[in-house]
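*Asks:* As they're listed, the protein sequences go chains U and E. For reference, each letter of the first sequence is one residue, going 0 to 666 in numbering that gives the first Met the number 0. For reference, each letter of the second sequence is one residue, going 0 to 421 in numbering that gives the first Met the number 0.
Don't read these hints as lab results, they were simulated from the structure. Do not rely on the hints blindly, as some may be mistaken.
Chain E regions said to be covered by chain U (calculated; three or more residues, Cβ under 8 Å) [said to hold, decoys possible]:
id, segment
1, 119 to 127
2, 181 to 193
3, 273 to 282
4, 384 to 390
A virtual CB, placed ideally from N, CA and C, is assigned to each residue, including glycine.
Residues per chain, in single letters:
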Amino acid sequence: MVSLTIDDVKIEVPEGTTVLQAARMSGVEIPTLCDYPHLTPYGGCRLCVVEVEGARLLQPSCTLPVSKGMVVHTNTARVREARKFVLTLLFSERNHFCMYCQVSGGDCELQNAAYEQDMTHWPFQPNWDPYLVDASHQHLVLDHNRCILCRRCVRACGELVGNFTLGVKDRGPESIIIADLDVPWGESTCVSCGTCVQVCPTGAIIDRRSAYLGHEADVERTRSVCIGCSVGCGVELITRDNRLLRIDGDWDAPVNEGILCQIGRFLALDDERERIVTPLVRRNGTLKAATWEDALDYVAGRLKPLAGKKGDGIAALASTRLPVESLYLFKQLFADKLNSEMVTSIEEGVTTALSGKVAQELGRPFEGSLERLKSADCVVAIGVDLAENHQVAGFFVKRALPNGTKLVVIDPYDNQLHELAHYALQPQAGTDYELLLGLMSAIVKSGLSRDEPTNLSELAGYDPQVVSQVTGISADTIRAVARLIASSQRPVFVYGKGVTRASSPEVLSALIELARLVGALTPDQSAIIGTKGQANSLAAYMYGLDKPFEVDGHQAVYLALGDDEPSRRLIKRLKGAPFIAVQASYLSPATEMADVVLPVEMWAEQDGYYLNLAGKLQKAHRALVPPQEVRSNVGVLKALAARLGVELEADWRKSLKKRAPINPVVE
Amino acid sequence: MSLLQEHVLLRHRDIPNIRDIHVYTAHGGYDALRKALNEMQPGEVTDVVKASGLRGRGGAGFPAGVKWSFIPKDVKPVYIVVNADESEPGTFKDRELIEGNPHQVLEGIALCAYAVGAEAAYIYGRGEFRGPFRGLQQAIDQAYEQGFLGENILGTDFSLDVYTHLGAGAYICGEETALLSSLEGKLGQPRNRPPFPAQVGLYGKPTVVNNVETLTNVPPIVRHGAEWYRQFGTEKSTGTKIFCLSGHVVRPGNYELPLGTPLRYLIEECGGGVPGGRKVKAILPAGASAPILPGDKLDLPLDYESVQAAGSMLGSASFIVMDETVDMVWAASKMVHFFKHESCGKCSPCREGTYWMEDVYHRLRDGHARPDDVDLLLSIADQMDGNCFCLLGEFSLSPVRSSIRHFREEYEMRVKRMGIGD
Chain U
0 MVSLTIDDVK IEVPEGTTVL QAARMSGVEI PTLCDYPHLT PYGGCRLCVV
50 EVEGARLLQP SCTLPVSKGM VVHTNTARVR EARKFVLTLL FSERNHFCMY
100 CQVSGGDCEL QNAAYEQDMT HWPFQPNWDP YLVDASHQHL VLDHNRCILC
150 RRCVRACGEL VGNFTLGVKD RGPESIIIAD LDVPWGESTC VSCGTCVQVC
200 PTGAIIDRRS AYLGHEADVE RTRSVCIGCS VGCGVELITR DNRLLRIDGD
250 WDAPVNEGIL CQIGRFLALD DERERIVTPL VRRNGTLKAA TWEDALDYVA
300 GRLKPLAGKK GDGIAALAST RLPVESLYLF KQLFADKLNS EMVTSIEEGV
350 TTALSGKVAQ ELGRPFEGSL ERLKSADCVV AIGVDLAENH QVAGFFVKRA
400 LPNGTKLVVI DPYDNQLHEL AHYALQPQAG TDYELLLGLM SAIVKSGLSR
450 DEPTNLSELA GYDPQVVSQV TGISADTIRA VARLIASSQR PVFVYGKGVT
500 RASSPEVLSA LIELARLVGA LTPDQSAIIG TKGQANSLAA YMYGLDKPFE
550 VDGHQAVYLA LGDDEPSRRL IKRLKGAPFI AVQASYLSPA TEMADVVLPV
600 EMWAEQDGYY LNLAGKLQKA HRALVPPQEV RSNVGVLKAL AARLGVELEA
650 DWRKSLKKRA PINPVVE
Chain E
0 MSLLQEHVLL RHRDIPNIRD IHVYTAHGGY DALRKALNEM QPGEVTDVVK
50 ASGLRGRGGA GFPAGVKWSF IPKDVKPVYI VVNADESEPG TFKDRELIEG
100 NPHQVLEGIA LCAYAVGAEA AYIYGRGEFR GPFRGLQQAI DQAYEQGFLG
150 ENILGTDFSL DVYTHLGAGA YICGEETALL SSLEGKLGQP RNRPPFPAQV
200 GLYGKPTVVN NVETLTNVPP IVRHGAEWYR QFGTEKSTGT KIFCLSGHVV
250 RPGNYELPLG TPLRYLIEEC GGGVPGGRKV KAILPAGASA PILPGDKLDL
300 PLDYESVQAA GSMLGSASFI VMDETVDMVW AASKMVHFFK HESCGKCSPC
350 REGTYWMEDV YHRLRDGHAR PDDVDLLLSI ADQMDGNCFC LLGEFSLSPV
400 RSSIRHFREE YEMRVKRMGI GD
């Protein structure tokens with residue numbers, strides 16, 4: 000610990016802390032512009048200067064490490080003069096006429112800083128040169144006139160997302176933020192994660208949707224969980240008057256630490272489907288508005304006689320986007336109480352069933368936490384495209400690459416990570432197993448294995464030379480990759496649908512064996528990460544909702560769709576079912592086929608738990624009040640159960656941990 | 000014209016074709032390296048350089064041996080980066096060394112690498128050095144062929160690879176941390192210090208960054224010893240230094256002189272005085288970066304301490320002489336324009352301060368100056384002082400402040416001629 004004095008207050012802070020951080024710890028506010036808590040200190044804007052006793056010059060507090068006995072003054076006349084000068088320069092640099100700017104009035108850090116320094120005007124001639132506005136991006140607008148060149152966006156793009164799309168062209172006052180090699184932003188390599196807009200201090204980067212929808216001071220912020228995929232990123236839902244304006248990444252969320260992907264930040268807001276606001280019952284061939292009483296009675300009346308029937312009974316399907324609570328009630332109602340044999344999720348366990356089987360055989364969980372990705376020095380991605388899905392996990396990999404993390408991608412098909420990989424292996428389709436055994440065989444031969452192989456005799460037949468003929472990957476490459484993985488200190492294995500889609504678990508078992516061989520799977524912890532399907536895939540598996548479904552002779556189908564969109568495959572299978580009840584938020588081909596439609600909350604309207612791909616249990620919170628006649632998923636299932644004379648148990652937690660877990664459930 | 004019997008650095012002026020390795024070795028070339036590898040421990044090489052008092056010739060004048068001794072012993076790899084981004088206006092000494100006496104540069108690099116335990120050295124040249132670097136590469140190839148570079152140099156365990164790299168011609172890349180960023184393929188902008196390159200340098204590894212001329216001094220020091228070297232120069236500014244002389248002199252060019260030689264000798268004896276017998280009005284001792292010296296300072300001894308005491312800096316010792324025909328407001332505005340053009344744009348005081356200073360100079364030039372514009376210039380300079388990210392911003396204040404200090408009446412005249420234009 001280092002003790003120092005800031006504005007006459009003595010404090011102790013850990014070594015390596017900057018003066019700015021130390022000041023914030025002691026409750027002293029120092030104005031900043033280029034600094035951002037989640038980015039590496041930059042020292043560019045010079046607004047955060049302080050006076051340090053004994054130093055001839057003012058010091059930038061954001062980059063200055065504390066030292067023992069330091070005496071710092073953060074608000075002297077000299078400091079204020081210097082800050083005013085910096086602001087004067089910034090205001091005169093480009094068009095910073097606050098009254099014409101959509102983010103003024105509390106949302107602009109430049110304006111706020113000026114108020115703080117009591118600025119009323121600036122003495123230099125303003126720069127009247129107009130700068131371009133790049134509005135070519137689908138979600139964002141880059142207005143160079145408002146830019147103060149703090150480069151937060153550039154740093155966030157590289158440091159946090161690893162995308163390196165944004166950069167700077169030219170030098171000095173001619174500096175300008177560009178995308179790639181100065182192409183229109185909308186035509187660049189931008190992945191639309193929107194981290195830049197979240198860190199921009201002024202109105203230089205704005206998002207098309209929320210920029211003109213009023214001031215931050217009047218909004219409500221609700222911390223919640225994104226349910227766009229199974230990563231489970233923390234989000235902040237920004238709403239006003241029951242309207243969702245914007246989604247920000249939650250900097251305090253342990254899973255994503257503030258970053259989001261396009262799906263979570265922008266696409267979730269772009270839902271143009273038509274909302275169902277009242278229960279609907281089919282009468283004379285058309286769906287008509289009905290009361291909840293009528294609709295529920297109708298469903299219960301059709302389901303009751305089918306209880307306990309096999310084959311010609313009820314088929315019940317749930318979306319894996321439903322909260323844990325709903326999935327649990329759903330499973331109890333249809334599997335335990337009504338005794339249907341066809342109770343599953345619409346995802347059919349494609350990302351979980353195989354892993355579950357392997358976990359069961361092993362007798363213990365074999366997957367680990369997403370955290371491991373952040374400290375990996377070698378990532379092996381097999382059968383998964385992290386640039387396509389689970390993008391935030393992909394960002395963790397991409398941003399680690401400049402620091403020396405090695406990436407091996409194994410995928411017979413096109414994979415956007417191939418081009419970033421140190422080794423992009425494209426084995427012949429269906430030869431992943433041989434390749435993995437080839438890698439193991441090479442590792443064992445090189446003497447780099449950290450654990451005893453259990454399948455030594457089998458490995459003998461998988462010499463890289465032999466494997467290269469099957470897989471089409473040269474023996475030298477196999478040996479090099481083997482060496483790379485085995486000599487890494489913290490290798491992490493990520494697998495996806497390419498592995499779990501298979502009919503037999505042999506590839507996954509081989510992957511687990513490989514991980515064990517290089518020390519990535521010990522009895523205490525695992526560095527294997529399996530990407531799952533939708534937000535609650537894993538929870539659906541835990542409740543046994545993971546088997547393939549066929550609607551074949553079933554007299555009724557109950558589809559708990561929530562706000563999910565039914566796949567074409569699902570619609571095809573529903574055809575011909577004598578009775579269909581759909582519990583859904585939006586009109587869809589499924590509701591069109593339905594005999595009864597029960598309107599439920601969409602994701603932003605519900606409270607509920609989600610189990611992410613690594614077994615982390617997180618709660619999503621209600622940010623919007625649903626339309627009057629819309630009920631919660633849980634409410635609908637409970638009401639239906641009551642009508643069927645069935646009692647449901649509410650404690651979902653206990654039951655969640657019953658089945659052979661793929662990874663330890665962490666609250 | 001020289002005070003030296005023979006050159007220590009510009010040896011190609013005494014020995015024709017010394018750029019050829021055979022000529023170089025015939026005149027004692029690579030003897031220092033042989034001596035170091037066979038007879039000296041790496042630490043002893045550093046000690047000799049320390050004892051010689053050799054100071055960095057890039058501008059800052061930091062003792063070279065001390066810099067080397069900052070390299071940690073337990074972190075590998077260690078890199079050597081040779082700063083050949085010679086961009087200071089009026090500086091052209093490194094270019095002559097690279098073109099005329101490249102093997103002495105390479106031998107210096109090898110000695111430095113041996114002293115600090117480096118196995119790779121990068122020579123970073125400004126983008127315009129394409130021609131000189133072709134010759135340098137030939138010298139490197141020769142040195143490899145003759146076993147002075149590469150693996151197991153002179154049959155010892157010591158190996159060294161030397162790479163060359165050309166920048167794209169930005170002045171800022173002469174700043175050592177910006178140079179490192181540029182060399183790594185990143186935007187050429189300075190980095191935070193601490194950590195200093197000796198701890199966290201190129202690719203995050205301990206790195207010695209030395210100027211071409213600094214390293215060229217090392218072979219004679221190792222060969223002849225520290226005492227021999229100290230016979231040149233003053234107590235604190237030891238050795239010889241190449242002075243780049245340009246501007247209003249009859250014979251501009253590089254002159255190697257012992258440090259402490261009077262300015263008058265450089266201008267009058269070496270440079271042949273000012274053409275037409277005109278008087279010296281002002282001298283820039285270190286290109287655009289150091290404060291202007293008035294013409295009455297001709298008896299100033301040219302060593303680091305004396306020039307500093309006179310209110311300026313020796314820096315890279317690029318002396319630009321201006322005679323009485325020079326309009327000092329014009330001269331200062333040229334320099335401010337240079338710094339504005341070369342500001343990297345990372346920090347706001349430099350990026351915008353240089354912009355506004357130039358703006359005021361435009362007013363002065365165009366006859367639109369306001370009565371308080373001279374004070375405005377000084378106030379911008381005062382505010383920028385100490386608040387820029389790196390020295391480029393600080394350097395930009397030198398011409399402004401010093402020209403106003405010594406030649407304020409010329410500014411006042413401009414202000415009085417307000418509205419006239421010229």
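*Asks:* Now tell me, hint by hint, if it's right for this structure.
*Replies:* Results for each hint:
Here the segment 119 to 127 of chain E counts 0 residues with a CB under 8 Å from a CB of chain U, which misses the bar of 3, and the coverage is violated. Check on the segment 181 to 193 of chain E: 3 of its residues sit with their Cβ under 8 Å from a Cβ of chain U, so the three-residue criterion for coverage holds. Counting residues of the segment 273 to 282 of chain E whose C-beta lies closer than 8 Å to any C-beta of chain U gives 0; at least three are required, and the coverage claim is violated. Closer than 8 Å: that is the beta-carbon criterion, and the segment 384 to 390 of chain E has 5 residues meeting it against chain U, so the requirement of 3 holds.
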